[in-house]
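The sequence shown begins at 2 in our numbering and counts up by one.
Worth flagging that the hints you see were computed from the coordinates, not collected in a lab. Every residue gets a Cβ at the ideal spot worked out from N, C-alpha and C, and that includes glycine. A hint or two may mislead.
[As the list claims (entries may be wrong)] FRET-style restraints, in silico, Cβ to Cβ:
no.	residue 1	residue 2	range
1	Ser242	Ser127	46 to 52 Å
2	Ser264	Gln136	29 to 35 Å
3	His121	Arg60	19 to 25 Å
4	Leu80	Glu125	32 to 38 Å
5	Arg161	Val84	20 to 26 Å
6	Glu263	Asn165	20 to 26 Å
7	Arg19	Val85	35 to 41 Å
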Amino acid sequence: MSLLLQISDTHFGTEQPRVVEALVALAQALQPDLVVLSGDITQRARRSEFASARRFMARLDGPPTLVLPGNHDIPLFNLVARVVNPYGNHRRSFGTPLAPVIETPECLVIGVNTTRPWRHKDGEVSADQIEHVSQRLRVAPPEQLRIVVTHQPLHVPDQRDAHNLLHGHEAAARAWAAAGADVVMGGHIHRPYVRSVRDRFPDLLRELWCVQAGTAVSSRIRQEAPNSVNVLQYDARQRPSQCEVTRWDYAAGVDEGFKPVESTTITLDRAGLPSTREEP
């Protein structure tokens, strides 16, 4: 069985120390096989904020990590850095790849850099990025849970958030669903939810699920959503057609810490997988 911990929108620079410690305790207790940090690592892309984020990630007991930049991880006020070296501080802390990929026998997790230095906060996915991800999905083994990670959402259930949709989201949804993606996960709007992308595009060739995380440790929470993270569990041998997504919210007070508050069992559309491999 594989366990993936999704963290998003940590916004280091606005982090709450008690919540940070609670999340470290949760990660150490769960011992995830993979950790995904889906963007907005920092508040203002400062070197000190990235250094704090790097130290935090190092405390999660060493599972493989996939870290994507978000719009807040590009300098806003330092215009020279934004133009000349927008990802300099990100790469200094988390390495050169801006679209990392992690693969295990049970999971394929593909990162997509949806930030653009010329945009303030909107995200965008290009035709080349869509095709590159599609090609990788098409050759994935059928037993793998196939996850694509973007920062901005591919689907929003509330039209109040529609302006935050990823530019190119419809083309990406149609291509990635057809190529075999099971889940597209992200953050950006600080609102956690699990929804079928068919709610937005009913004629998708395959079922595709949108898994969104809230802000993990920042004080920049929404009124209706406290600090939260997602935990995905998948067992390719025992339950190859299902994935369990559990939302964990931070609760203050006597019993302080992250607590499971909602679980969703998503059905994986294995029947519609593309077949590109030659028969032996």
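Each hint tested on the structure:
no., hint, result
1, Ser242 <-> Ser127: 46 to 52 Å, "32 Å, violated"
2, Ser264 <-> Gln136: 29 to 35 Å, "33 Å, holds"
3, His121 <-> Arg60: 19 to 25 Å, "32 Å, violated"
4, Leu80 <-> Glu125: 32 to 38 Å, "20 Å, violated"
5, Arg161 <-> Val84: 20 to 26 Å, "33 Å, violated"
6, Glu263 <-> Asn165: 20 to 26 Å, "22 Å, holds"
7, Arg19 <-> Val85: 35 to 41 Å, "38 Å, holds"
Violated hints, in rising order: 1, 3, 4, 5; the structure is consistent with all others.
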